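Chain by chain, the residues:
Protein chains: 4
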Amino acid sequence: MPHSARETGKILARVNRLKGQLDAFAKAVEADEDCYQVMLLLASCRGALNGLMGEVVEDHIREHIVEAENKKLATAAGEDLIEIMKSFWK
Amino acid sequence: MPHSARETGKILARVNRLKGQLDAFAKAVEADEDCYQVMLLLASCRGALNGLMGEVVEDHIREHIVEAENKKLATAAGEDLIEIMKSFWK
Amino acid sequence: MPHSARETGKILARVNRLKGQLDAFAKAVEADEDCYQVMLLLASCRGALNGLMGEVVEDHIREHIVEAENKKLATAAGEDLIEIMKSFWK
Amino acid sequence: MPHSARETGKILARVNRLKGQLDAFAKAVEADEDCYQVMLLLASCRGALNGLMGEVVEDHIREHIVEAENKKLATAAGEDLIEIMKSFWK
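Chains as they are written, first to last, in this note's numbering: chain R, 1 to 90; chain C, 1 to 90; chain X, 1 to 90; chain A, 1 to 90.
Chain R with its partners taken away, still in its complex shape (with noise of 0.2 Å):
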C-alpha cells in the first residue's frame, strides 16, 4: 500500500536521527565514558525508537485501517496492527 513521500520522509529522517544517536553512544562506549552519561545515551536512543513506533503504527491506523477502501481490507490491515501489538503486552 503507497504511502505519502512526506510521511516516508518523516520517517527516514527519524531512522537517520536514531542511528547518529546509536554511533553517539558506541563513540562514548568504546570512550569509556562516564557510566551514567553511557546508559543516558541509550536511554535516549530508547526514546527515539519507541517516537518512530509511534509515527509508524499512527500512520497505520489512520491510512490503513481508519482509510482502508473497504472493510475487508481495513479487517486485514486491524489483525496486522494486533499482531504487532503483542509485543508490547507481553
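It is possible that some hints are incorrect.
Identical copies carry no separate label here, and so any pair may be met within one copy or between two of them.
As the list claims (entries may be wrong) - In silico DSS-like pairs for lysine-lysine, Cα to Cα no more than 30 Å straight-line: (1) Lys-10 <-> Lys-71; (2) Lys-71 <-> Lys-86; (3) Lys-72 <-> Lys-86; (4) Lys-19 <-> Lys-72; (5) Lys-86 <-> Lys-19; (6) Lys-71 <-> Lys-19; (7) Lys-10 <-> Lys-27.
Keep in mind the hints are simulated off the structure, nothing from the lab.
Here the structure is a predicted model, which means the values were calculated and not measured.
Could you slot chains C, X and A onto chain R? The hints should help.
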C-alpha cells in the same frame, strides 16, 4: 458504544484475577518474604495488566475502528487509540 | 531480609490505591462508558503499577545490593535484580 | 570506570547489528513493502535495543554496584541506575 456481555465478562474476570495477584504480592511484602519472590509476584501482576491492556485495545481496534458504522466514527476511534498509545511510546 | 515498616507501609498504600483504580476501571467497563475514558483509566492503572515496580526495585537496589552486609549477598541480590529486569528487556 | 575489552566488544557488536536492522527497516519503508513486514522489522529493532539496554544495565549492576571498590562508589552507581530506570517506570 455497547460491548458484548461476553467481552465484558472476560475483562472483569481479568481484573479480578489481577486483584488477587496484587493481594498475593501485598501479603508477601507484609510477611517480609524473600525479595526475589516478592519481585517475581509483582512482575506477574505487570504481565497480567499488560495482558488486560492488550485485550482492551484489541477489542477497541476490532469493534470500534474496523467495525465502526461510518468513517467519522472510525476516525474518532482511531484518534482515541493513537492518544492512548502515546503513553507507550514515551 | 527485613524492610523498614515505613517502606512496607508505602508499598501497601500503593497496592491499595492501584486496587481502587482497577475497581474504577471495572465499574466503567460494566457501565459501558465511553471507550476513551475506559482506556484512560486502564492506562492510569498501568502507570500506577509501573510506579510500584519502580519503588520496589529502587528499594532493592538501595537496601539489598548497595547496603548488603557482604559481597556474597550483594552478588546474589544483584543477580536477582538482573533476572527480574529481563522481563522488561524482552 | 574501565570496562573489559570483551564487554565493550560485545556492546559494539550489538550496536552494529541494530544499525543493520534499522537499515533493513528503512529500505523496506522506501520500497513501500507490505506494512506488516515493515512493522515487524521495526519491532525486531525494538527487541534488539531492549536487549542492548539489558546488557548495559546488567554490566552496570555487576561491575559498578556489586563490585564497587567502596560503599560510596556503590551508592553513587546505585543512584545512577535508579535515575536511568525511572524512564522505564513512567
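Hint by hint, here is what the structure shows:
{"no.": "1", "hint": "Lys-10 <-> Lys-71", "in the structure": "both (28 Å within a copy, 26 Å between copies)"}
{"no.": "2", "hint": "Lys-71 <-> Lys-86", "in the structure": "both (22 Å within a copy, 26 Å between copies)"}
{"no.": "3", "hint": "Lys-72 <-> Lys-86", "in the structure": "both (21 Å within a copy, 27 Å between copies)"}
{"no.": "4", "hint": "Lys-19 <-> Lys-72", "in the structure": "neither (37 Å within a copy, 36 Å between copies)"}
{"no.": "5", "hint": "Lys-86 <-> Lys-19", "in the structure": "both (26 Å within a copy, 22 Å between copies)"}
{"no.": "6", "hint": "Lys-71 <-> Lys-19", "in the structure": "neither (38 Å within a copy, 37 Å between copies)"}
{"no.": "7", "hint": "Lys-10 <-> Lys-27", "in the structure": "both (26 Å within a copy, 14 Å between copies)"}
When held up to the earlier numbered hints, the structure conflicts with 4, 6 and fits the remainder.
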